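2 protein chains.
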Amino acid sequence: MKETWSFLDTFEPNFRPLVVIELAKGTKKETIEWFTKRIVDKKANGGAQLLIKPLVTENGDETIYLIGASHLRLLLGAETVGLVKECNDNSMRSFTYSSRKTFKDFADDNHNFLTMSECQYIIKHELENLRARDEKMIPGYPQAKLYPGKSIVRRLLTNGILVQIFPLHDREELKKLRHTWYGRVKIGYQPLDEIRSYFGETIALYFGFLEYFTFALIPMAVIGIPYYVFAWEDYDKYVMFATFNLLWSTVILEVWKRICAVMTYRWGTLLMKRQFEEPRPGFHGALGINPVTGREEPVYSSIKRQLRIYLVSVPFVCLCLYFSLYVMMIYFDLEQWALDYHEENKSTFSSLMLYVPSIIYAVVIEIMNRIYRYAAEFLTSWENHRLESSYQNHLILKVLVFNFLNCFASLFYIAFVLFDMKLLRQSLATLLITSQILNQFAESLLPYWLQKRHVKKMKKHTHSLKTETDLSLVEQVNLEKEMGTYFGTFDDYLELFLQFGYVSLFSCVYPLAAVFAVLNNVTEIYSDALKMCRVYKRPFAEPTANIGVWQLAFETMSVISVVTNCILIGMSPQVNALFPDSKMDLVLTVALVEHLLLAIKFVMAFVIPDKPREIQIKLAKLEFESLEALKQQQMKLAAESLKE
Amino acid sequence: MKETWSFLDTFEPNFRPLVVIELAKGTKKETIEWFTKRIVDKKANGGAQLLIKPLVTENGDETIYLIGASHLRLLLGAETVGLVKECNDNSMRSFTYSSRKTFKDFADDNHNFLTMSECQYIIKHELENLRARDEKMIPGYPQAKLYPGKSIVRRLLTNGILVQIFPLHDREELKKLRHTWYGRVKIGYQPLDEIRSYFGETIALYFGFLEYFTFALIPMAVIGIPYYVFAWEDYDKYVMFATFNLLWSTVILEVWKRICAVMTYRWGTLLMKRQFEEPRPGFHGALGINPVTGREEPVYSSIKRQLRIYLVSVPFVCLCLYFSLYVMMIYFDLEQWALDYHEENKSTFSSLMLYVPSIIYAVVIEIMNRIYRYAAEFLTSWENHRLESSYQNHLILKVLVFNFLNCFASLFYIAFVLFDMKLLRQSLATLLITSQILNQFAESLLPYWLQKRHVKKMKKHTHSLKTETDLSLVEQVNLEKEMGTYFGTFDDYLELFLQFGYVSLFSCVYPLAAVFAVLNNVTEIYSDALKMCRVYKRPFAEPTANIGVWQLAFETMSVISVVTNCILIGMSPQVNALFPDSKMDLVLTVALVEHLLLAIKFVMAFVIPDKPREIQIKLAKLEFESLEALKQQQMKLAAESLKE
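Protein sequence lines, in the order shown, are assigned to chains A and B.
Heads up, the first sequence is in my numbering, so the first residue is 1 and it goes up one at a time.
Heads up, the second sequence is in my numbering, so the first residue is 1 and it goes up one at a time.
Accuracy of the hints is not assured; some may be wrong.
It does not matter which identical chain is meant; a pair holds if it fits inside one copy or across any two.
As the list claims (entries may be wrong) - Dumping the calculated EDC-like pairs for lysine to aspartate or glutamate here, alpha-carbon to alpha-carbon at most 16 angstroms:
(1) 456 - 108
(2) 176 - 333
(3) 43 - 296
(4) 537 - 173
(5) 273 - 628
(6) 452 - 614
(7) 621 - 277
(8) 621 - 296
(9) 621 - 278
(10) 631 - 79
(11) 273 - 623
Bear in mind the hints are in silico, worked out from the structure with no lab data behind them.
Quick caveat, the model's predicted, so the values are computed rather than measured.
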């Protein structure tokens, strides 16, 4: 059974390496044997029925294994994970092996029916759902306890026996993708379908959103420019601008839902019923029967989860928010103190001291962010969500609220406590521009440069002058395993979210924000693409039907921005001049306008359907067909029971 | 084929009369023959395959027909309309004739498997979906045009050939129901399941909501009483009261959704997919293929409908609202003029003149209401909605907005323009109490008294002294055909909605409103029950899964009431006294509190799931099973296509 993998059999036709697993150095032999046996073992024996081969490197230790699967195994796996594919009659249906012939482009000898990223997703799913049966511990590691239903791979990862699992790049495909994506200078759409088939739906959806959002910001930017060119303080025109912004942001968020539905319908993920899937590997609980699917799997009481969320997580988050506000207040005090000190002394030292509070504050915020992120991950994991999407949503929500406060609290303070519009505009511009520059640098260019250096070193090491597509498998694996890991789209969305905040929350004070946002996003598309293609390991594809809790976050931001903009306009001297006699009238007018805008927003969100009619009909048709099929099945069962 | 129905064969076992149709006097013989032929004709020939018998009355003219159906026909009809019933394994499933044995309480000789109201619903559905085929007009009436797909019954009704269709009461059942419902004096729940099986889901849901709403108001009423008993003007306690009210109203509306889901799941309507049904009889369009179900039916472009809604209906409604406001302003002017006149003259004539504006206004409002209602019905019908529920929702929304304005605009004017809290409290109390008394009288007691008189006259006429359960069929039909028609739950819900407005919009000004509402609702339950059982013809059952647009209406009202209460509290002298220096601070504080309350409301509505977990699981299970069945079907089809 055990075959070694060497330089020579790189192109052995029966084994296409898809996923790499790296074990820790010095992993015990019995552990490796047990683990590989579980991987290749038949499904009936609790195995994953995949193929595995060790990669023999020059220095001879076997810590890296390549995982593949037969074509048949992958097709069966596609059925298990519930992939949805297009049929010959152009409808989208769940793939099943027995009805494989009815799917578009299917042929038994066509190994490209499943994309490589789909195959890798299937393998990942199978590996993660390799669960302990009667083992009490991992052989060779008595401290690594197992219990029935525990995900083996997860236990190996938490105990450090398994260092990492990652999918291999397809150098040929990647080169093609790079070319169409950012290789030629052109104005146009990104090749989202190609991105999706290489990186999966989650990442394609992020790039889709980034592109859409950039286009959607252009009208705001265009309208914002004349405000900068002609007159800064023309507030009655700002009212128009702000009103346009507020309604426009509602429209773009509603329209995005429709675009997203069209896209994910085409990709099949809109129809994928992920709630019927097996639970995420981190989910634990006593083995029981899932009440919906009737499958045996860990079950965990939802009341317990609710209690954990509302009695522990929510109070913890609130406490952290309070603490963060408290730190901000200290910062403002320090700032004031430094200013006073400088006024009194007027020395070089005192002018240097002016920068100290900001630096301290920046460092403290960074530390708090990291600690909080760690705590949020721990808490969300402890909440024990059954679905990956639910885990992600809860985690994102926690981190989001905290980041929102850290980013915007000082701006809110300047705007609504200090009433200093000039300082607000200044801070806003500084924050927006520096954060954009820093982000682009830290996120893509720096890692790209480091990566380039690493590749050069590697090449020198292997004394080869081949271009990267000609790399041998061993070289490729060694190169890729050292690359950084892409930790999901969270940070990318967060950046967009904060940008949206800068653009919309105080749009009537600083209309140029949209211009900077558009400029940033155009380069962001390229730098993010670069990052995905050249800096990081290939990430596993993750099917998804929408951008999840981010939609809610952006919508909430647009509601908050109605409030802030109305207040800002109400506070402006020009508007104040319109109500010379009574400040009351001013405030009441502002409140009235704000409520009207909010009402219009809600009506608009209610009136614009979330899915285009065409997609609605297709979904209704599927539902109708399913219900009809269920009826048919029932009738057949009844007929059979009559015969007996 | 044609058998006559006389006094003697009342209890002929094969024909159970379910529905009565009354034709106009002097309807041409050829029309009657054609119509009855279509009713009894085989489905394959475009008929409804029902049974029909003329009812021969004493004076011998045949204008009344009784419609029934064989047991088998009704079971097949239950499958067509998609009734959902409980299976032997306690799951709820769509009834199909071939799987009939798997359903609870089914036996081929058990004619009570379908309730009488279900049978009547099926017959109504079949009659309404009797559509013209190649007929160009109704035989005998060349002016009554028909085109393929046009509902015959609807054309007959609009041309006055068909006077009415109504289901028969079941005197035995009704007596039992009356006894358990309101026959004995007891504190307790209404027999909702019995109401549902006699009157159908829509009416049962109304009574369920009425009961729930009454219970939900009790805490508000209990907290409101001490405010009346001890101190009227203690505003800081009113803040507490108002805050409680606002959050409480959110909770009760969210919890109602859950209770409603539990109830309608038990009744099977939560699972009934009404969007897959045949279109409502009033729906017209060229015959085409429904893209979802693949059935041949009239189709109508949804874009055209949208255009009609947004370009005609919405502007029309806005215009009417404006006109209504204008009339109100004239009323206030007249009122002022009458007051001035009285001040000047102080005569008996002038004091009588004081009442004139109110009387004129009341009459004008009543006239406007009627005209508007007629216009709204016309417009909604012209919008051509495919589903009855969609038609109802659009109609309700139109009428609702207008009624809301007429009822509350004057109160808003008094509160926020005249700033007269005393007058507000007075008007509120007067409006609430008089409208309640008038309603109870006009809605139930008056018709009940008229009905009683009519029955007495009838009995004198037929010289019989029998109690009503012993009435012969002819007597019963003659009695019932003269009874009033119940035009659906709209007016009942509207009454509750306006009551909710009186209770919540100005709750901090008049806390006693909740007490009156509770008292009114307790008697309302009895008078509405009386109305349903004794005053009106039996209405056709209408399956429904929720209270539709009323949920939205109540929720919107509770949002508006947050705003009004915050303003009212802000305007109170006591709260004003807390901010002696700056009115600005007061207004800003009020605005802040209001936004906080609104935010809490939205978070609460978001966090409380609409369906209890148990129901969610059952629905998910059904969806899972349907998708699995679809997969199975696909696999079987693929296997068959392979064999060929």
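Next item on the list: Determine which of the earlier numbered hints do not hold for this structure and return their numbers in increasing order.
Entry: 1, 2, 6
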